[in-house]
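Use the sequences and the hints to build the structure in full.
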Amino acid sequence: MLRFVLSRLLTFVPTFFGVTLVSFAFIRLLPGDPIQLLAGERGVSEARYNELAEQFGFDAPIWKQYIDYLIGIFQGDLGTSFVTKRPVLDEFMALFPATLELSICAITLAILIGIPAGVIAAVNRGKFFDQALMTTALVGYSMPIFWWALLLIIVFSSGLGWTPVSGRMSLMYFIDGPTGFMTIDALLSGEEGAFKSAVSHLILPTIVLATIPLAIIARQTRSAMLEVLGEDYVRTARAKGLAPLRVNGMHALRNALIPVVTVIGLSVGTLLAGAILTETIFSWPGIGKWMVDSIFRRDYQAVQGGLLIIAVIVMIVNLTVDILYGLINPKIRNR
Amino acid sequence: MPLLEIRNLSVEFSTTSGKFRAVDGIDVTVEPNDLMAIVGESGSGKSVSMLAVMGLLPWTATITADVMAFNGHDLRDMTAKQRRRIIGRDMSMIFQEPMSSLNPCFTVGFQIKESLKKHTDLDRKGRQNRAIELMQLVGIPAPEKRLNAFPHQLSGGMSQRAMIAMALACEPKLLIADEPTTALDVTIQAQILELLTSLQEETGMALILITHDMGVVAETVRRVQVQYAGQKVEEQEVGALFDDPHHPYTAALLAALPERATERRLPTIPGVVPGQFDRPQGCLFSPRCRFANAHCKAVEPVQASPEMGLALCHYPLSHGEPTNREKAS
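Each protein sequence line maps, in turn, to chains Y and P. By the count of my numbering, the first sequence reaches residue 335 at its end, each step adding exactly one. By the count of my numbering, the second sequence reaches residue 1329 at its end, each step adding exactly one.
Hints were generated in silico from the structure; no laboratory data involved. One or more of the hints may lead you astray.
Result set (SDA-like, lysine to any residue): computed pairs, CA atoms no more than 20 Å apart in a straight line [unchecked claim]:
#1 P:1081 / Y:243
#2 P:1118 / Y:234
#3 P:1081 / Y:123
#4 P:1081 / Y:249
#5 P:1081 / Y:235
#6 Y:331 / Y:231
#7 Y:127 / P:1260
Dropping the structure here:
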């Protein structure tokens, strides 16, 4: 197992350099000059332009800029946003907990509903529940996210008044806790009603963000289960007189989990990379919105730094998925 | 009272292209401590009839029977839950492919102990001890270690032994072995068959061996039931069956054994078992039977007397020659 993890970690090295190169190159390939964007409509004089270019290091040859960037990374310095003048890492870390909190809630919801739904659909293949569920999943998968979010806001926030419209916390509270997770910090703060407020702010964005992963997980679970349910060992389990819950939920599901874990891993990756639409609609102060803003501002340092951190996180998620394969199916572990 | 009694069992599968009758009016009687074989080629409904008894058929199957009783329980009007209390405990089954019949995600020990947990009151320690005992019983060396092995770490023969251990966990009264040796090497086949018969003798359980291999039958069982296209065509003691098969199908099967071949060229049975769309009129075996005449092809045969092995044939054979011929013509 250790050897497996180490060998996987080794493959991180080329991927890591690939990501630095791509993120460095892509943002520079976009048309638009950061200094001119920074200057706004009035523009800058040529002398001032050169001064700024020198200050940000844009006058150096492109390869030198890349080398400097790499050197910075290894010194733990992802650069400084030239818009906010703050270190990119600090900016990222200030916003990331919001994204992480929302992503964890969304993927948990998607797993808790998606897997059981897929199992039940597979076991009742072709019957009403199966068809209803698969149709719903298809609708969920193909629905425009912004429309779905607005619909929920109209019904539950404006209409019924059950949930707040946007943000992470009611303005009545000021929570600045150690974890950056609003729910946990609210709980730690001991302020009455703060936790409830944090949770109520989470509900709609979680549902919206969970919709697509839920649909994918449910469909994947169903098809993997259908394959596994015909296997001999499932018949063996039934021949032991085991209850259907144990046969389907344990003997079959465990074997069906491999492809499901794969799609969960992929979903986690995309969720962490920032759910731009969801964060924008619910004014959720996460990294998705920050990344988009940075791209519009041609904030080179912020974009390449943010992309790099996200890529590393996705790589870690993938490694976790690979390790999970081995835990789920020992046959893979020994290969 | 027989341990297992089945009268006129039929199984129909509803498929997209209509109904398919896989088992057609089978009778099976198994006494306690019985050792019998159900023989027939692929598609003769051997496995399906036993899976029907176990309640393991998919919901597309419709099962009808006049009598289907096990150990005094009527299996027909049982709920699924009641059935689950019997299968795996009093009646258990092992399957053709041992390698794929064990769940790759769980250790062998876990899978054996799971039966014990379901059907017995043994505590954790008791289950562990019983599992070790079972592994020794089926001849698996170093049982403590093997209990922690995963199925892919076992050979085919070892897997089938583990399957047998699992099936015997709760000391069943009836073990159904569905082609237990078909997927194994010839040398391992003999070992597994020997193990099964010796276990049958030791524990006093009844054993039904489903096979297509007459060679296996000869060495193993006491009584043989031959099935063809979902029907029972003959039933005899094993010695008598080999000496004097009464149904032409049985005779043809025996003639196809290499050990019994007298000519240079091994005799075969032409054609295949009829499927959903090519079921013949009259006797189902008539298109492949070398004794068949117009009467066979038109009229369904009835069972012959017990002396004639209950052969489902208009002209049951006696020492290789058709009888009753003159009556028909």
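Hints, one by one, checked against the model:
no.: 1; hint: P:1081 / Y:243; verdict: holds (8 Å)
no.: 2; hint: P:1118 / Y:234; verdict: holds (16 Å)
no.: 3; hint: P:1081 / Y:123; verdict: holds (17 Å)
no.: 4; hint: P:1081 / Y:249; verdict: holds (17 Å)
no.: 5; hint: P:1081 / Y:235; verdict: holds (16 Å)
no.: 6; hint: Y:331 / Y:231; verdict: holds (16 Å)
no.: 7; hint: Y:127 / P:1260; verdict: violated (53 Å)
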